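Going down the list, the sequences are from chains A and B.
Quick note, the first sequence lines up with residues 1013 to 1408 if you use my numbering.
Quick note, the second sequence lines up with residues 1271 to 1623 if you use my numbering.
Hints are supplied without guarantee of correctness; some may be wrong.
[Said to hold, decoys possible] In silico lysine to aspartate or glutamate, EDC-like type, Cα no more than 16 angstroms apart, as pairs:
(1) 1367/B / 1130/A
(2) 1248/A / 1190/A
(3) 1288/A / 1429/B
Rather than coming from a laboratory, the hints here were simulated on the basis of the structure.
Just so we're clear, the structure is a prediction, and the values are computed from it rather than from any experiment.
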Amino acid sequence: MKVAITGMGIISSIGNNVEENYAALISGKTGISSIENFDTAHAAVIKVGEIKKSNQQLAQQLGLSADNDFSRTSMLGAIAAQQALENAEIKDCNEYRTGLVSATSVGGMDMTEKFYYDYFEDESCRRYITSHDCGEVTHKIAEHIGLKGLVTTVSTACSSAANAIMIGARLIQSGQLDRVIVGGTDALAKFTINGFKTLMILSDTYNTPFDNNRKGLNLGEAAAFLVLESDAMVQKENKKVLAYVSGFGNANDAYHQTASSENGEGAFLAMQKALKMSGLNVSDIDYINAHGTATPNNDLSEGRAILRVFGENVPEFSSTKGFTGHTLAAAAAIEAVYSVLALQNNVVFPNLNFKTPMEEFDLIPQTTLKEKSISHVLSNSFGFGGNCSTVLFSKN
Amino acid sequence: MKTCYINGTGCISTQNTFETDFLSEVTINNTENVIYANQPSYKEFIAPAASRRMAKGVKMGIAASSKALKDANLTMPEAIIIGTGMGCVEDSEKFLKSILDNKEEFLTPTSFIQSTHNTVGGQIALGLQCKGYNFTYVNGAVSFETALLDAKMQIENDEVESILVGGIDETGTYTLSLHKLINLVKSEEDKPYSVLNSNSKGIVHSEGAGFFVLENEKKESSYALVEAVSLQSSLETEEVSDFIANFLEANNLKISDIDAIVLGNNGDVEFDDYYDISNSLFKNTPQVYYKHLSGEYNTASAFGFWIAANIIKNQDIPEVVSMNALKKEAYSTILLYNQYRGKDHSLIVLKKC
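Excised from the complex, chain A in its bound form:
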């Protein structure tokens, strides 16, 4: 059973709303830059997909008071969730059985690392203590949009938002809820910058997905949410449907805590499950929005998994991480928005910065904007802990 998408909202380094993101994607404008919003010892040697707005500006945009207790992660999430509701023309979140499922990797870590020692000296910052918690990030978004029903949070590292979409769709399919707002949010933090730095998978320049000479990823920050609704709701409210979630698959690579297996077993299983659920054949897929983080390990493993699923007939594929960087738990949510935009506009977005094909296989991503009729998009997201997720989006 398909689930309708009736609204979407996004804030990322390439735009503050859906229209701005689309404009950047079709004009090939990257959001990767040097870090400006906070000090880090690595500022000179990394590039990031940073949203060029201070916390104060974000708070103003949301109409929050100066003594608010929103982490940056919550603010980004609240902005995107609010846009999604407006896009779906939902005024009252509690009118029907409505839920919110968000995803985040490190929650309000941005505040915890800022006030780590200050908390003990300065009472005024203590309002942020509980904002660290991942669930509290989602509570804040729920409060901002006035939602009181089912609220929960998924954290499966970089695949988190794909899983939020899945459980949201499942809650509708099983008749538990009528509407679910699903997505994810993550803000840049020293914690993740240093974490990926110790793993030696941060590029010192613009990331180059699926390129033979790829040097690693650029971290990014973003939030995006989709409104999912049941068929009954769509009919009752005569809703405009942007696209459908037509299938999803989740599998575990069970190979290594952080690395993906050489043959991409988990990714292969996730894609296979999603296709099986949707009833679609591999030949029905018109575009793959790849995970494509530009780490040596991911792109090889994902490429092999794509070849295992699609064989000789791999459709156009691209990673949009060259635009946004890797936005961790939010990645699958922003890429869900991009997948819907690809369906709506019949375009394949370019994979930026690609020059040299990988020596291990013959896979060339789409490097220029390509117009073609698109009915079904497959979107991949993988994370630490072996988590592999695939979501399928369809026009009808």
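Guided by the hints, dock chain B onto chain A, whose structure is given.
Using the frame of chain A, we list chain B on its own:
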């Protein structure tokens, strides 16, 4: 539609619940505002070399899940769904502290790798070589309940036949010190602590792991079946009665059908009035409480779920968890209600199978 049975359990808590019969050895704490898990010997479950590198949460998760699988006589679940409020918080704190203290230099990746919230689920999958569905929910007091709801939907929809579900949280020294700063944890002056009739704010903080094998078939090992699960982010105290009444009605249940109610009272005088239904709707129902045994943490409700499953299996409410003097001949239907600080409300119905 298939039915969701609880066929195996494994529980690590501040009590010796791992190696003894159901609540046969309990101690009541009223002097410590933080209590730690009574950890088993991990030798049987984890190679010593690997064990030294593993976070406490991962070790508790592996041991509790191994026990639940053995109890259900299952070697490989088709899916693993974990609920955890904070994940492996100790490693998260360790990595953050070294970033700040060493000015972002001389860092090693081990604690970063362990710090992600899905480490427990990932490590269990790795150990079992379980390539199925793998999820981690991280939403305060409904982390475990979301995992349970997800599992129940998949079993009922006949997508999978068996799922390992767990609720797990470990203590973290830094986080605890912050929670003490803002009085989320009971202060020393409030001793002796009690859960019932408390007049102090905050909670006794703790940790634990409750794991369950859910399957679509009744077996000899079955404890109970999971009839219904409902979550609600936010409620006022005066809305609780309606929330419960609507839930019961939606599941074709009357108050008189409920043979016992398991309540999440934690002794926080500011928020325990959410459980005042014990004096109104459920005043004639046998009542059970458990956080005087487990302490409070994001997934303490998994301990309550373990208590409820065992009450149905044994058809008896142990004295030590009885909140009122009422008893029943048979316990066929048990309702669980939990919340934390007015947020993350959950209702679960378990039935005898």
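Okay, the hints, checked on the actual structure:
Of the supplied pair hints, the one linking residue 1367/B and residue 1130/A holds, its CA atoms being roughly 13 angstroms apart against a limit of 16 angstroms. At roughly 11 angstroms between alpha-carbon atoms, residue 1248/A and residue 1190/A fall within 16 angstroms of each other, so this suggested pair holds. With a CA separation close to 12 angstroms, the supplied pair residue 1288/A and residue 1429/B stays within the 16 angstroms bound.
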